[in-house]
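For reference, each letter of the sequence shown is one residue, going 3 to 237 in the working numbering.
A hint or two may mislead.
Stated by the list, open to error - For each label pair, taking beta carbons as the anchor points, the in silico distance ranges come out as: (1) Ser-10 to Leu-47: 15 to 25 Å; (2) Thr-42 to Lys-159: 17 to 27 Å; (3) Arg-125 to Pro-86: 10 to 20 Å; (4) Ala-48 to His-206: 13 to 23 Å; (5) Met-3 to Pro-41: 17 to 27 Å; (6) Leu-228 to Tyr-25: 39 to 49 Å; (7) Ala-99 to Ala-48: 24 to 34 Å; (8) Arg-97 to Ala-212: 49 to 59 Å; (9) Leu-175 to Trp-59: 24 to 34 Å; (10) Leu-61 to Arg-97: 41 to 51 Å; (11) Thr-12 to Leu-187: 51 to 61 Å; (12) Trp-211 to Leu-175: 17 to 27 Å.
Stated by the list, open to error - Below, a list of computed lysine-lysine pairs in the DSBU-like style, where the Cα atoms sit at most 30 Å apart: (13) Lys-229 to Lys-159; (14) Lys-164 to Lys-57; (15) Lys-164 to Lys-215.
It should be emphasised that the hints constitute simulated quantities derived from the structure, not laboratory data. Each residue gets a CB set at the ideal place from its N, CA and C atoms; glycine is no exception.
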Amino acid sequence: MPTIELESMTVAYSVEERPRRRYPAIRVDGQRCVTVLVPTGYSALAIPTLLLQHKRWLLGQLARPGVPLKGFQTGEIFTYLGLPVSLWLTAQASRAAVHLTDDRRLAVQVTSGCGDDQARMVRAALTGWFCDRAQDVLPPRVAHYSQALKAYPNELKIREYKSRWGFCRTDGLIALNWRLIQAPLAVIDYVVVHELIHRTYPHHQPTFWAAVKRARPSMDSEREWLKTHGQELFW
Numbered sequence: 003m004p005t006i007e008l009e010s011m012t013v014a015y016s017v018e019e020r021p022r023r024r025y026p027a028i029r030v031d032g033q034r035c036v037t038v039l040v041p042t043g044y045s046a047l048a049i050p051t052l053l054l055q056h057k058r059w060l061l062g063q064l065a066r067p068g069v070p071l072k073g074f075q076t077g078e079i080f081t082y083l084g085l086p087v088s089l090w091l092t093a094q095a096s097r098a099a100v101h102l103t104d105d106r107r108l109a110v111q112v113t114s115g116c117g118d119d120q121a122r123m124v125r126a127a128l129t130g131w132f133c134d135r136a137q138d139v140l141p142p143r144v145a146h147y148s149q150a151l152k153a154y155p156n157e158l159k160i161r162e163y164k165s166r167w168g169f170c171r172t173d174g175l176i177a178l179n180w181r182l183i184q185a186p187l188a189v190i191d192y193v194v195v196h197e198l199i200h201r202t203y204p205h206h207q208p209t210f211w212a213a214v215k216r217a218r219p220s221m222d223s224e225r226e227w228l229k230t231h232g233q234e235l236f237w
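All chains, full assembly: derive it from the sequences and hints.
Following this line, the structure appears as structure tokens:
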């Protein structure tokens, strides 16, 4: 794995090539692992310069406490629409199932005798439950803001993405990360508006941000929430 020296700190990083990406980007995950995302054909020789250009930001990210890894055990806290829910495991004989109780317990019925595979099974069950909730909640938000903004996607896709909350392609496809369902509804709405406005402004120039601000006057606080809490949604 390549490394770079940043103010006497040796920083290791990996490189991922993304054919659809137009510009390079730097990602620091909850365990403070650094990944450089580059478009096809991007020169490896340019990566150290990129990291040095963003040295202050990168060192700031690495100085933040890492996000603890989930053990998928009873009592762990997750979030659903921005509110905490407590994981509660119970045993059953058949396949795993998930439901949200009235007292905000995320109850997971775990197959009896799963042993060392329990954490993997609980994670898979939770992923399925959150994905289903995202399919219920996100499309109506897209429909609402599509009508309000007169900006319509040709297709909506909801799935998992490692480094993006969403994106808008030139062919009209809008994609959203299912992990957004863990964020407050206001944050979800910001991401939806952000991607829909790309239908009119396919860039991040001042005209784009002005349009987002008109639609979401609270966008600054919503962007800050993602910066502060976003990594907590990846488990």
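Here is how each hint holds up against the structure:
Take Ser-10 and Leu-47: their Cβ atoms lie about 23 Å apart, and the range 15 to 25 Å holds. At roughly 22 Å, the beta carbons of Thr-42 and Lys-159 sit within the given window of 17 to 27 Å. Take Arg-125 and Pro-86: their Cβ atoms lie about 18 Å apart, and the range 10 to 20 Å holds. As the Cβ distance of Ala-48 to His-206 is approximately 21 Å, the hint placing it in 13 to 23 Å holds.
Distance hint for Met-3 and Pro-41: a CB-CB separation of about 21 Å, consistent with the stated range 17 to 27 Å. Restraint check, Leu-228 to Tyr-25: a C-beta distance of roughly 19 Å breaks the suggested window 39 to 49 Å. The hinted range of 24 to 34 Å is not satisfied by Ala-99 and Ala-48, whose Cβ atoms lie roughly 50 Å apart. Checked against the hint of 49 to 59 Å, the pair Arg-97 and Ala-212 passes, with Cβ atoms roughly 50 Å apart.
For Leu-175 and Trp-59, the Cβ-Cβ distance of about 30 Å falls inside the hinted range of 24 to 34 Å, so the restraint holds. Separated by about 46 Å at the C-beta atoms, Leu-61 and Arg-97 satisfy the suggested range of 41 to 51 Å. As the Cβ distance of Thr-12 to Leu-187 is approximately 42 Å, the hint placing it in 51 to 61 Å is violated. Evaluation of the 17 to 27 Å hint for Trp-211 and Leu-175 yields a pass: the beta carbon distance comes to about 22 Å.
For the hint pairing Lys-229 with Lys-159, the CA-to-CA distance comes to about 23 Å; that is within 30 Å, so the pair holds. For the hint pairing Lys-164 with Lys-57, the CA-to-CA distance comes to about 22 Å; that is within 30 Å, so the pair holds. For the proposed pair Lys-164 and Lys-215, the alpha carbon gap of about 26 Å is at most 30 Å, so the pair holds.
Of the hints listed earlier, those the structure fails to meet are numbers 6, 7 and 11, in rising order.
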